[in-house]
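Undergrad: So you can see what is in the structure, the chains are spelled out below.
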Amino acid sequence: MHELHSIIDAAAHLIQTLDVSHFILPKAGIAAHIEAQETVDVSPLLKFTFVFIASIGALFGLGLALAAKRFSVKVDPRVAQVKDVLAGAHCGACGYPGCEQYAEAVVNNPDVAPNLCTPGGSRAAEMVAKITGKVADATEPFFSRIMCQGGTSRSTRKYVYEGVKDCRAAVLAGGGDKSCMYGCLGYGTCVTVCPFDAIHMGDDGLPIVDVIKCTGCRKCEKACPKKVIEVLPGSKAVLVSCHSRDKGGTVRKNCEVGCIACKKCEKICPVDAPKVEGNLSTIDINKCVVCGLCATVCPTTAIVDYIPTRPKAFITDKCIGCQRCTKICPVDAPSGEKKKKHAIDQSKCIGCGLCTAACPVQAIDGTFNAQAVFDAAAAKKAAREAAKKESAEAA
Amino acid sequence: MGHEFTKLLELFIAASLIQNFVFTRFLGLCIFFGVSKKMETAVGMSITFTAVMVISAALSWIIYFTVMVPLGLQFLQIIIFIGVVAAFVQGADTIMRKVSPGLYHKLGVYLALIATNCIILAVPLINAEEKYTLIESVVFALGSGLGFALAMIIMASIREKLEVARVPRPFRGLPIAFITAALIALAFTGFSGLIQL
Chain C
887 MHELHSIIDA AAHLIQTLDV SHFILPKAGI AAHIEAQETV DVSPLLKFTF
937 VFIASIGALF GLGLALAAKR FSVKVDPRVA QVKDVLAGAH CGACGYPGCE
987 QYAEAVVNNP DVAPNLCTPG GSRAAEMVAK ITGKVADATE PFFSRIMCQG
1037 GTSRSTRKYV YEGVKDCRAA VLAGGGDKSC MYGCLGYGTC VTVCPFDAIH
1087 MGDDGLPIVD VIKCTGCRKC EKACPKKVIE VLPGSKAVLV SCHSRDKGGT
1137 VRKNCEVGCI ACKKCEKICP VDAPKVEGNL STIDINKCVV CGLCATVCPT
1187 TAIVDYIPTR PKAFITDKCI GCQRCTKICP VDAPSGEKKK KHAIDQSKCI
1237 GCGLCTAACP VQAIDGTFNA QAVFDAAAAK KAAREAAKKE SAEAA
Chain F
777 MGHEFTKLLE LFIAASLIQN FVFTRFLGLC IFFGVSKKME TAVGMSITFT
827 AVMVISAALS WIIYFTVMVP LGLQFLQIII FIGVVAAFVQ GADTIMRKVS
877 PGLYHKLGVY LALIATNCII LAVPLINAEE KYTLIESVVF ALGSGLGFAL
927 AMIIMASIRE KLEVARVPRP FRGLPIAFIT AALIALAFTG FSGLIQL
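Residue numbers (this note's numbering), protein chains in the order written: chain C, 887 to 1281; chain F, 777 to 973.
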């Protein structure tokens, strides 16, 4: 303290020796309102200044430190961590208003599942589960599917719409300009609302979903005034891309690619997934095995198979010759005698994967679903062995 | 008493209407344009703003007239008032987070913006310059805060309408907001001469 005094005194002395001890303080400038004084004694003024600033600084500092201590709020650091791994789009797909609210809920509430962030996908679900110590069920990616193929070249319009290029506006004018009242209007509302830039307008006036970018956040589904967008599990890749409940004849008049309710899909399906009701076929995605048979028979190609090419099946050496594949195949591709290795006619095989799923010894490989079938079988086997071991131990 | 009350009322009206900080003194424009896009945020900001204004004006008055004037340290007023406002805002932030998380969730985001606002600094400076009493200072701050709230709410309601209006392309967004503010400012000149202080 003594040293400080001497420093201040020295500084004051220096100023005095410079012959500027008589400050005439100006009264000028906005808010620079200071009483004009004849002279100012520099040394005590400097002292007061230092003491005042130091003390008021210390006072505020102490006050804030005490307040911080006394009113400290425990913020769970995991909330911030969870927020970082979420997609951060505030899309509301999880059912909470924003990412922050979901992060808080998933950390504090043990009943909130860690896999609700669909945009974040399985990666986010895994990370959230890791941070919160919950078990993440594998989430399947969900994609937007446009349930209409009637682009401008393949469907008719009932009038010329010249309003704002937005489906929500267009629908106000008599339900839109499309002859088919169930179809996509093609003014791109879904494109504008997509927070992930995953939907673009195609050349034929239909939106195209980029499944690499699409996160299944359902924003487009909510915005679409025609409700022609459905968000469905990515693996369910065979869908009736039409919502028209008009009678077959009307559909044919309005659109080349609408469902005319001919029931061909109903007849060919090995698992009874498609059902024609109210002039429209819908595929029950819980039953569907994604074999793609219905897409091959649909006369208007209203059923879309999103799997571009299906690899064909072949039989491995594990085959025991049970002939089950020959019975289940819709196109009679497998053949062979009992108890001998069968063969699949590659020219006939359509890669539907039915035989792969039916084979009791997983001897058919090569189809799109082979890996999933093998994994499921392996898991089942492991579970069975674990149960056996347990019962043996119990005995 | 009657005379004093009249003076306080005059001060209040002068601060909120005649010398409205936004429309006649043109202070605090950054928050005025930044937060007036939506009515909800404008109202939240106005409430927080008025509260901070009144309390920080009172705090500044106490420090200024009980410590700084006797010591002859008036020239430090700007730096000290900034410190007072900043410390108060920080303290309010900390306490509010604990005491009422709901209120903090609603208004907390605005506190940080307010800490460096020029109206909040101008009010204690004017109080010091005009040598208002403590009561007068608080009334002046309240009037200024409510005047700011009035400006925000007028602007927000206009801007919400502007969103759907047909505005020429070069004027869309901030330019039309400035033009609107200028027109309201013109209207506010009508209050000048309402009372003579």
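If you're looking for bench data, these hints aren't it; they were derived computationally from the structure. Take the hints with a grain of salt, since some may be wrong.
[Unchecked claim] One-sided and incomplete, this derived list gives chain C residues near chain F with beta-carbon spacing under 8 angstroms:
hint, residue
1, Ser929
2, Leu932
3, Phe934
4, Phe938
5, Ala944
6, Phe946
7, Gly949
8, Leu950
9, Ala953
10, Phe957
11, Val959
12, Val1143
This one's a predicted model, so the numbers in the text were calculated from it and none came from an experiment. Yeah, the Cβ is synthetic: ideal placement off N, Cα and C, and Gly gets one too.
Undergrad: Any hints this thing doesn't respect? Which numbers, in order?
TA: 1, 2, 5 and 12
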